[in-house]
Amino acid sequence: MLSPVRIAILLAAIGLPLSISQMSLAQPPAAKPDAKAAAPSVDPAAKAFIDKFRAAVKSINSISCTVTQSMTTGDKTERQTGDLVAIISRPDEGRAKITHFKITSKRDAIDGVWSFDGASAYKIDNAAKTFATMEAPDGAFPAQDVAMIVPTWIYGSDVLSNPGAKLVGARFLPDAVVDGVKCRVVEYRVEMTFPEAASEDSAKDKKSEPPVMTMVQTRSVGADDLVSRKIESHTSTTGVPDDQPRTFTAAYTNVKINSNPAEKSFTLAAPEGYKTTKPRASALGIPSNEPEFNVAVGDPAPDFSLSSGDGTTVTLASLKGRVVLLDFWATWCGPCKMAMPGVQKIHEKYAGKKVSVFGVDTWERGSSEQKIEKPKKYMAEKKYTYGLLFSGDDLAKQIGISGIPTFLVIGPDGKILHIGSGFDESGDEKLAAIIDTALAGK
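Numbering (the numbering used here), first residue to last: 1 to 442.
FYI, nobody ran anything at the bench for these hints, they're computed from the structure. Computed from a predicted model, the values in this text were never measured in an experiment. For every residue, glycine included, the Cβ atom is placed at its ideal position computed from N, Cα and C.
Heads up, simulated DSSO-like pairs for lysine-lysine below, C-alpha to C-alpha not over 30 Å straight-line: (1) Lys58 to Lys256; (2) Lys182 to Lys47; (3) Lys129 to Lys106; (4) Lys371 to Lys76; (5) Lys166 to Lys47; (6) Lys353 to Lys415.
What follows is a set of in silico ranges between Cβ atoms, one per label pair, in the way DEER data are often shown: (7) Pro44 to Lys256: 26 to 36 Å; (8) Thr81 to Val177: 15 to 25 Å; (9) Val212 to Ala270: 43 to 53 Å; (10) Lys430 to Val168: 49 to 59 Å; (11) Arg171 to Pro271: 49 to 59 Å; (12) Ser89 to Ser307: 43 to 53 Å; (13) Asp175 to Thr238: 28 to 38 Å; (14) Lys354 to Pro91: 56 to 66 Å; (15) Ser391 to Glu292: 15 to 25 Å; (16) Glu429 to Asp51: 51 to 61 Å.
Using the sequences plus the hints, can you model the full thing?
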């Protein structure tokens, strides 16, 4: 799973949902403020304006707008765009809650409508011409496919909401007109220290400094309604190995607040000619404690072709007739490292038998070269001798993996015998039992 350091930094920076898919769509903007440059002074008038628009969010009880947001980390960018209608409540003066929402999005392979009417969640998939619905007694959230379309500031949450966040610079930039609305433009700089977020490596060095996040944000805010129309943030963190600067941009157009949409407008029905399907809870944004995958035991394993540590290519077809264990992992993943000695035991136990064991490096961080060298170096240092496959991101997405480590066991006939996520102290014994059964032909 994501480390607490990375989760805290990401949430603190822009408040986005945790699960952000890996999509290489564009390079980072060429020009951007230097988050490590000398901090400007805090203009009291600019600070007062920041306080004013942050407080004004609490008066928003509904919103409709067209949203375009993107997050770039290194050379990876995810971009989402769509139309949002939402009803918002703020019980007991606490954090805002979206009680109803409808999101329409069409981009790449996504073309549909996601909705929650307070009791049930819905999804219309225009590409597949399917309709799905499910009761959601505990509520629902915008699903991963469209979660980034929701402006996080409508919750009243931003980087300055975090304990330890310090405003170290603020100034006005020239006014601007955005989507026909006169806006005041303010640039501000925030620093935040994570005293308890030491990395695995820095924990060994008592002299190492705790991670410090620095964010420079430029925000265009309606001069009259105090609603954000445009945001650009640049974030970097010191004290975290292999940290890559992050850029977040957003534009909000056709904004209407407090228009009080009718609750029945969030209830959807299957369009004519669309097939009603059995949904996965996560596809509708309904919380679920159970891991959900795109494949199940008994299904044919997804075909794959991955580069190995010795420069050759390993395919599913080349492993036909063998039992295959795939361990999806990454060098930054603590639970993955805890599970690897057990994977090595399995590799040694079945040496000389028709069993192939591979670690599939997935969601690795760093440059293209680092994504190869880091896993190779780690396995060499630990003297792990089972196979290593690189760049498992696409295969993980095809399987529906949302957390690592994840283990996939494939039988000699190419069908899935087991799939599961997470570290288990007796996990190697359970996997061995599955392999034994497969070898016995049972």
